[in-house]
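Engineer: Line by line, the protein sequences are chains A and B. Under my numbering, the first residue of the first sequence carries the number 68, and numbering increases by one thereafter. Under my numbering, the first residue of the second sequence carries the number 6, and numbering increases by one thereafter.
Think of the hints as simulated: they come from the structure by calculation, not from any bench. Ideal placement from N, C-alpha and C gives every residue a C-beta, glycine not left out. Worth double-checking, as some hints may not be accurate.
[Said to hold, decoys possible] Across the chosen pairs, the derived CB separations fall in these ranges:
1. 188/A <-> 143/B: 58 to 66 Å
2. 453/A <-> 278/B: 19 to 27 Å
3. 407/A <-> 50/B: 37 to 45 Å
4. 262/A <-> 50/B: 34 to 42 Å
5. 415/A <-> 155/B: 49 to 57 Å
6. 401/A <-> 278/B: 18 to 26 Å
7. 183/A <-> 101/B: 37 to 45 Å
8. 532/A <-> 50/B: 30 to 38 Å
9. 365/A <-> 155/B: 52 to 60 Å
10. 185/B <-> 281/A: 36 to 44 Å
11. 143/B <-> 582/A: 56 to 64 Å
12. 365/A <-> 151/B: 32 to 40 Å
[As the list claims (entries may be wrong)] Some chain B residues well away from chain A (every beta-carbon gap over 10 Å; in silico):
13. 19
14. 66
15. 161
16. 175
17. 236
18. 298
[What the hints assert, rightly or not] Stretches of chain A that chain B covers, calculated by requiring three or more beta carbons in the stretch to come under 8 Å of a beta carbon on chain B:
19. 297–306
20. 497–510
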Amino acid sequence: MASALLAATALTLAAPAMAQTPPNILVVGQIAEPASLDPHVSTASNDFRIAVNIYDGLVRNAPGTLEIEPALATDWTISEDGLEYTFNLRDGVTFHDGTPFNAEAVKFNFDRMLDENHAFASTGPFPLAFFFSAVETVEVVDDLTVKFTLNEPFAPFMSNLASPTGLIVSPAAVEASGADYGRNPVGTGPFKFEEWQSNTRVVASRNDAYWDGAPALEAVIFRPITDANTRVAEMLSGGIDVLLETPPDNVAQFRNDANYQVVEAVGPHVWYVMLNAKEGPFADVRVRQAVNYAVNKESLVTDVLQGTAEVSAGPIPPAFNWAYNEDVAPYPYDPEKAKALLAEAGAEGASLTFLVTEGGSGMLDPVPMGTAIQADLAAVGLNVEIKTYEWNTFLSEVNPGLEGKGDMAEMAWMTSDPDTLPFLTLRTAAFPAEGGFNSSYYSNPEVDALLDQARLATDPAERGELYKQVQAITHEDAPWLFVANWKQNAVVTSAVGDFELQPDFSLVLRDVTKQ
Amino acid sequence: MTAYIGKRLLAAIPVILGLSIIVFLVMKLIPGDPAQALLGSYATPDNVARINRALGLDRSWPEQYVIWIGNLLQGDFGRSYILNRPVLDEVLERFSATLILAGASLIICSVLGILAGIVSAVRQFGWTDRIITFFVLIGISMPAFFLGLVFILFFAVQWKLLPASGMYAVYGGGDLPDLLRHLILPASTLAIVATGVVARLTRAAMLEVLRQDFIRTARAKGVSENKVIYRHAFRAALVSIIPVLGIQAGFVLGGAVYIETVFQWPGLGQMLVKAVSTRDLLLVQGGVLIAATVYVLVNLLADVAQAMIDPRLKA
Chain A
68 MASALLAATA LTLAAPAMAQ TPPNILVVGQ IAEPASLDPH VSTASNDFRI AVNIYDGLVR
128 NAPGTLEIEP ALATDWTISE DGLEYTFNLR DGVTFHDGTP FNAEAVKFNF DRMLDENHAF
188 ASTGPFPLAF FFSAVETVEV VDDLTVKFTL NEPFAPFMSN LASPTGLIVS PAAVEASGAD
248 YGRNPVGTGP FKFEEWQSNT RVVASRNDAY WDGAPALEAV IFRPITDANT RVAEMLSGGI
308 DVLLETPPDN VAQFRNDANY QVVEAVGPHV WYVMLNAKEG PFADVRVRQA VNYAVNKESL
368 VTDVLQGTAE VSAGPIPPAF NWAYNEDVAP YPYDPEKAKA LLAEAGAEGA SLTFLVTEGG
428 SGMLDPVPMG TAIQADLAAV GLNVEIKTYE WNTFLSEVNP GLEGKGDMAE MAWMTSDPDT
488 LPFLTLRTAA FPAEGGFNSS YYSNPEVDAL LDQARLATDP AERGELYKQV QAITHEDAPW
548 LFVANWKQNA VVTSAVGDFE LQPDFSLVLR DVTKQ
Chain B
6 MTAYIGKRLL AAIPVILGLS IIVFLVMKLI PGDPAQALLG SYATPDNVAR INRALGLDRS
66 WPEQYVIWIG NLLQGDFGRS YILNRPVLDE VLERFSATLI LAGASLIICS VLGILAGIVS
126 AVRQFGWTDR IITFFVLIGI SMPAFFLGLV FILFFAVQWK LLPASGMYAV YGGGDLPDLL
186 RHLILPASTL AIVATGVVAR LTRAAMLEVL RQDFIRTARA KGVSENKVIY RHAFRAALVS
246 IIPVLGIQAG FVLGGAVYIE TVFQWPGLGQ MLVKAVSTRD LLLVQGGVLI AATVYVLVNL
306 LADVAQAMID PRLKA
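Next up, chain B with everything else stripped away, as it sits in the complex (with noise of 0.2 Å):
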């Protein structure tokens, strides 16, 4: 096992090394600088090289490149220059806010992704089934920003019940009852599209679980039904629920990004369309490999659980 997850972990260093080199050019490809950005209409040329001096920037690519690979592999990922903050502060605190909505979200999805799956799976065609398909085709055909937007229009307000937006209360708050108030909402919305997934799955690994012969000796033999369906089948069928939960978890990381727009969550893919649309290089550079990194460590965690409960993978 350690020398499965040795060779995946090698196997990510030029992936993310090949992308650090992608998200540089995508910046210096795309037109205008953070120099214009910062100067808007007074971009004087005169202006804008003044700036790019200050900000190291009138250096050719490869040395501006060589530079921001050097000095990242001592830790130091530098300043961003729209919030004048260190990139690794900001990118770290954003993520830890996005990593609780897109774990929050994903608790949500699996937990009741699951149940529903496997109750669907039971009562197949029955009326519980037909309405929890129903429910989870709404789900995924729904835009969840649309969603998000109906949320806070009735909970925020109509009926005062959450806040409209935020992580924390402005005043007071901050301990965790405040922060679950503010996570429900934007939680919820995320985790609709990625549960109806869950659950569609699940009913059809379930489903083809219980056809086989096992399940069926099982009955057989008089075992309780109850225990028939989570003992034996799911776990059976769990092994090809892994790896959905495992995509799940980078759709929900993905899907962050505009949910945390309706719901101003202070995240980190707010933080990086704001500082794509200020050029701001250095936190695009830096939020993008980071977030990278974590989706491919997420990646090997949920093969390597797949692998530990399906021995045949490990090969």
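The following block holds chain A by itself, in its conformation from the complex (with noise of 0.2 Å):
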């Protein structure tokens, strides 16, 4: 009855409601509010897809992939011993509150993250400040010269920096906004921050003095609209241009409807089941291939994921192009052979717990995927009982370690490098104990000789050759039941123009139009 008469009221206050949304101002659809605009201090890459766009780093990854090219730095050397980086800056830049950009700005933005006693510290915490640990001291050569001196050789230390906690803020407006800094931010990039309307809208113009060309739209508008029912419906309503995050139920709806475009990029995340090698039967090598030749991964990403995923076939996500091994091939499915491995190893009819997260950053759709594993694992005769729990409480359950708590745990990770997660995951330094995330306890002495010579190696080609080789390794021993590889995607309607997702889940939008 109600509704009935709203619906009249409706009517007549509706006339002018529905414009579309005007020429050059992009509205985007953000999956949530951002919670801080400080590069340093976020961590969300819901935060970062704003971040790109007002900041650029001293190196960035060239469009469309992970390799790295000049930002604010146009070259740079490295020392012999791998301990010295020296970056030449590019000049005449700007911060977009009118002070210059040079070595100063720079040793001002690692000091503050890397000191605790740096005037600006109270102005973090800064979680990912980690990212650049190995850093001993920056130092100011010249107005545009800059050195990083590190303690020990760290290759991932360039993809680090053209990751988002490596963009460079204005030193004057973190001094003149203080611990509110993350919502009056001023950077270098494309685009300079306007306004920040809470649960509105965060605004960002055209910055026409932009050292690499200003951009085609006039300004930018991130929407946040947390839940994705409403984001789909914001978008079919004409309210959003740019529709981040699709449902994998709406993927299709929009893939045929000529209105709109659907744009997608695999990134370098993946998606995998970790397995306690230490202990049940998960111990044994041949019961851990035997559940990766049991699950049927094909299914898992194109019914359950709705073509969202691909099948992934090692801890080294395809998206590292430069590291990543063509020639290891996702285990098949093949329920007989792993009945038959399965046998070998007495392990027939054996029961497993499997710790299964209700949601989290990354884990896509964890229950059904937790659920369909189980399916076809129940198909060869395992028995898997499921525990689920809320993301925060699965973190604190699984990342000290699975001893004691069960056989097998869903994870997934975003990286900025192909080092991070293997270096984190599969080392046998890496256990819980020792403050790793080695929660399946997975240990190859081989592997641990291959990771610590990938760190130490400049060159990307040599890095790439042996990480090839850690995927080949832990391809055959099985850690983990290797599942997906999310590509990200997002709908665009068909005024937009030369919209593309990057690899590194950032969304770049200087070369984007809209009529």
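Each chain sits in its own coordinate frame; assemble them with the hints.
Structural biologist: Dropping the structure here:
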């Protein structure tokens, strides 16, 4: 009754309601309100999608790849021993507040993050500062030259500089805003921060003086729309131009509609199930291989995830094309082979405990995926009992190690360098007791040695070779059930041009157009 | 009356204090902490310890509670760990959005519910009564979040009449008509169940009153039927209707949580859901405390209004 009356009211009030979004202004439907636009404070990809348009780093990933190219630094030299990185900075760049970008500014940025006694250390905390924990000192050589000295050779340093945590903020703005800097961000990027209206919008306008050429768009408006169904409804009703993280169930609907375009890109993401190698059936490599054969991953990515992911073959995602081993193919779906391996290992009919999360960053659709895996394992005679946890509880359960708690646990990672995931989760020295994330206690001295070597190699080609070997060995050892690499997706209206998703999950809008 | 209000206000203090302890303890006892939520997969023991030190979470619980309450009494609710913003700013901004939404639906459910209830009672067992009762039952039994999605589907997606979400247009707008257009769908969704409840109770209260002697007397004296119903009967029935409205006020405030999520209404409920999942302790504690205080005050207001109408309750 109330609705009927209100419907009548609506008709009279609604006349000027549904103007489409204006030309040259791009409205992006984000998955949440950003927490902070201070790139050193933030940890969420949601925030980084805005930050990469307001800031630049010393280096960046070339469009469409994860290869390093110059940004605020024009070129650099690395010392023989891999300890000194000297960057030549771009001349004539100013921050949006008019202050110059120079070597002093770079030093300020890293000192603030790394030195607990820095005058502006209290504007933190800086959760991801450990990306640069190898940095011993940052020195101003001259106005446009800056030198980083590391305490040990650390090859992922350049990728970390290209990650959002390496973006350069304006020291003058930090000094002016203090703890509120995250809501008043100032960078050198293609768009200038204009306004942040809580829970409604973040607006950034064109930086006409951008060193890499001013962008085509006049402004970008980021709107937070947490509920996925509401985000889809806003797209259909014309309230936004770009829809991020479309629910798998809705992708097909947009694909079949000429008014929209679905954009996809593989990302440096791995979804896997860790297998407890310390105790229980998975201590036997044959049982670990058996579950890799037993689970129908094709069906998981096409049916459960509706084609929003690809089957994964190992711990290094194909997005790191220079480090990815093309010769390692995913385990085929072969329940007969799985049964044979289980029989050989004497593990037929084993009972397993499987820790599953209800949701969480990068976890895709964890409960349906968990039950699908359970069903596939039941088909080869394994009894899997699922225990579900809320994400934070799940992490505090799994991160200290699976011993005494379970045989398998879901997990997913997104990283900026191929080193991060295997280094933190597959080394002997990364067992939880040592402060790492090797919660399934996989240990292979050969892998340990390769990973240590790869950290020291500053030549990308040489590093790539080492990771390819890691991939081949871990595939055989099967410390995990390798499942999926997520393809991030976005839907844009037909008015939007040159829209691309980046493999590092950022949202680079400097070349995007809109009619 | 002043003494009555004073007594009620004093009685609210231990309630709110007790609540502050419960909220604090619950947030401490659920697993996971802000450092872990911030760091996600990167939550190594070293990193967690470093962040906890920076946030002052390495102190003992009683120490943290005392510091929190001490600052609170000076009007300092602290800073949100995740949003990096003063808790009070965030909560007040969000709470005003919730009050607009809850207030609008309270007005809708009071006006429509009371009108429907009166008509229903006057036409007892007639066709009008039956039709109203039918809709009231549907309203009461329909899950509000589902109704919200249906509304969005028709009014926003199909007919493009009203915006699907948000409180203001993203560009331009920002004035009262803009706010009203954004308010219609969430406020009426939120009001539906409450309207049904108010209508049913109004109907019952009216029927009760209409059977009483003074009504018969009034009618015998030749007072017009309209006057009998709206002046005499309705005023008497109000005594039992007002406390129901007080309860409904609490109900719409509570119900706002999921309506805000469905319609992306930037209110307190939506904020609390997110703050709990990111273990944003100070924000949850501050938000719950302020909401509870307002809840206590609203109930007090309803009781006062009732006492003013019915002096027997003042004692």
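Engineer: Between residue 185/B and residue 281/A, is the Cβ distance one that fits in 36 to 44 Å?
Structural biologist: For residue 281/A against residue 185/B, whose Cβ atoms are near 39 Å apart, the range 36 to 44 Å holds.
Engineer: Could you tell me whether the CB distance from residue 401/A to residue 278/B stays inside 18 to 26 Å?
Structural biologist: For residue 401/A and residue 278/B the Cβ distance comes to about 44 Å; the hint is violated.
Engineer: Beyond 10 Å from every chain A Cβ: check whether that's true for residue 161/B.
Structural biologist: The claim is violated: residue 161/B sits with its nearest Cβ about 4 Å from chain A, within 10 Å.
Engineer: So does residue 453/A sit 19 to 27 Å from residue 278/B, Cβ to Cβ?
Structural biologist: For residue 278/B against residue 453/A, whose Cβ atoms are near 25 Å apart, the range 19 to 27 Å holds.
Engineer: Measuring Cβ to Cβ, find out whether residue 298/B lies farther than 10 Å from everything in chain A.
Structural biologist: 22 Å, holds
Engineer: Count residues of the segment 497–510 of chain A with a Cβ under 8 Å from any Cβ of chain B, then say if the count reaches three.
Structural biologist: holds (count 3)
Engineer: Between the beta carbons of residue 188/A and residue 143/B, is the distance compatible with 58 to 66 Å?
Structural biologist: At 59 Å between Cβs, range holds.
Engineer: Go ahead and decide if the range 32 to 40 Å is satisfied by the Cβ distance of residue 365/A to residue 151/B.
Structural biologist: Once the Cβ atoms are compared, 34 Å apart, the range 32 to 40 Å for residue 151/B and residue 365/A holds.
Engineer: Quick one: are residue 183/A and residue 101/B within 37 to 45 Å, going by C-beta?
Structural biologist: 38 Å Cβ-Cβ, so the 37 to 45 Å window holds.
Engineer: Just to make sure I understand the rule, a stretch counts as covered if three or more of its residues have a C-beta closer than 8 Å to a C-beta of the chain. Does the segment 297–306 of chain A meet that for chain B?
Structural biologist: holds (count 7)
Engineer: Is the distance from the Cβ of residue 532/A to the Cβ of residue 50/B consistent with 30 to 38 Å?
Structural biologist: The hint (30 to 38 Å, Cβ to Cβ) holds, given that residue 532/A and residue 50/B are roughly 33 Å apart.
Engineer: For the hint 49 to 57 Å, verify it against the beta carbon of residue 415/A and that of residue 155/B.
Structural biologist: Hint holds: Cβ distance 51 Å, inside 49 to 57 Å.
The structure fails to meet hints 6, 9, 11, 15, 16 from the earlier list, while all remaining hints are met.
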